[in-house]
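Respectively, the protein sequence lines represent chains X and C. Heads up: the first sequence begins at 1 in the working numbering, then just goes up one per residue. Heads up: the second sequence begins at 1 in the working numbering, then just goes up one per residue.
Just so you know, not all the hints are guaranteed correct.
What the hints assert, rightly or not - Across the chosen pairs, the derived CB separations fall in these ranges:
hint	chain 1	residue 1	chain 2	residue 2	range
1	X	S202	C	E54	21 to 27 Å
2	C	E54	X	N56	51 to 57 Å
3	C	R29	X	H6	24 to 30 Å
These are calculated hints, taken from the structure and not from any lab test. In this text, all values refer to a predicted model and were calculated from it rather than measured experimentally. Backbone N, C-alpha and C fix where the C-beta goes; we use that ideal spot for every residue, glycine too.
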Amino acid sequence: LSQKAHIPQLRAVAMSLLVVATGDNKKIPEAIDIVHNAAFRYSLELIGSFPGIIQNSKGRTVTFRPWLSASDSTQDFFIFCGRLLDAIDRRVRGRHEEFDPVPEEEPSSYDHAAFLAVAQTLCRAAGVRGAKFPPIGECFSTIAEETPRQLQESFLKNYLGNVMQDYFDGSRARATLPSLPPETEGRLRSEDAAELVKAVFSRMQAGNGPVNSGALQQTLQHLIAQVWLAESALDD
Amino acid sequence: MGSTSNGRGMTDAQSEKIIRRLDDPSLERKIRIVDDEEVPTPEARTEARKKREEEGVRD
Chain X
1 LSQKAHIPQL
11 RAVAMSLLVV
21 ATGDNKKIPE
31 AIDIVHNAAF
41 RYSLELIGSF
51 PGIIQNSKGR
61 TVTFRPWLSA
71 SDSTQDFFIF
81 CGRLLDAIDR
91 RVRGRHEEFD
101 PVPEEEPSSY
111 DHAAFLAVAQ
121 TLCRAAGVRG
131 AKFPPIGECF
141 STIAEETPRQ
151 LQESFLKNYL
161 GNVMQDYFDG
171 SRARATLPSL
181 PPETEGRLRS
191 EDAAELVKAV
201 FSRMQAGNGP
211 VNSGALQQTL
221 QHLIAQVWLA
231 ESALDD
Chain C
1 MGSTSNGRGM
11 TDAQSEKIIR
21 RLDDPSLERK
31 IRIVDDEEVP
41 TPEARTEARK
51 KREEEGVRD
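Let's have the full structure, built from the sequences with the hints guiding it.
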């Protein structure tokens, strides 16, 4: 490693949400779907390839072959995002005509969090604000100003934030504790997920290029295992 | 495993744990997730635990 590994600091609620999300009735080796599902890996890799694909188009129409076909071409960034997510989903399910199915790959309960994170990351990077979409060429140009690493960091923060929020909502905490501050859910993303992202990427090879998805998955798995251990030490 | 309480498959016990965490101001403090590789000895673990406790007192 060429940088100092960051020690993440999480709130107890975030730790418990991660433990519940990874299945606290399972042993650690079994609770790795959150890290090793196909939707997460394909999304991470695709997000990291965006700046390069856009820059290589050199002003021509940006294509995302083989993920998207010529018939998927659109001038609407919203529709583009939808078609891209559909393409990832078809690949995960072994139904994408351009990719051979991989026998051990299948949908998981984390796919929704991954797909939402792709859209959140792309729209934020593209300058979409308040449901106002700039022209698609402008969206791509703006995305290309980000480094692959920045996009992947944003994707991972959104992914972990989405997973924690799913389980936060599932706990019905807000209905039970109506006085909870309005920023409670947002802090799961902006503070707790951000801490984990900082810890993960500080353990990756330094640089601006995309990280190796396998290395990131192993590092995230290790950190989540550490969260498990720390959470089990909390008094209940 | 308790009864399933929602579409996410959370049990009542899991939901209650999340709510307990949110309802206890003392659990608002942030807890260091110490990496085993960085705290390899029992002495270092004791030191890290002391440090966490001190941070907890300050919080």
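Each hint tested on the structure:
Range check, S202 of chain X to E54 of chain C: Cβ separation about 24 Å, and the 21 to 27 Å hint holds. At roughly 53 Å, the beta-carbon separation of E54 of chain C and N56 of chain X lies within the given 51 to 57 Å, and the hint holds. The hinted range of 24 to 30 Å is not satisfied by R29 of chain C and H6 of chain X, whose Cβ atoms lie roughly 18 Å apart.
In this structure, only the earlier hint numbered 3 is contradicted, and the remaining ones agree with it.
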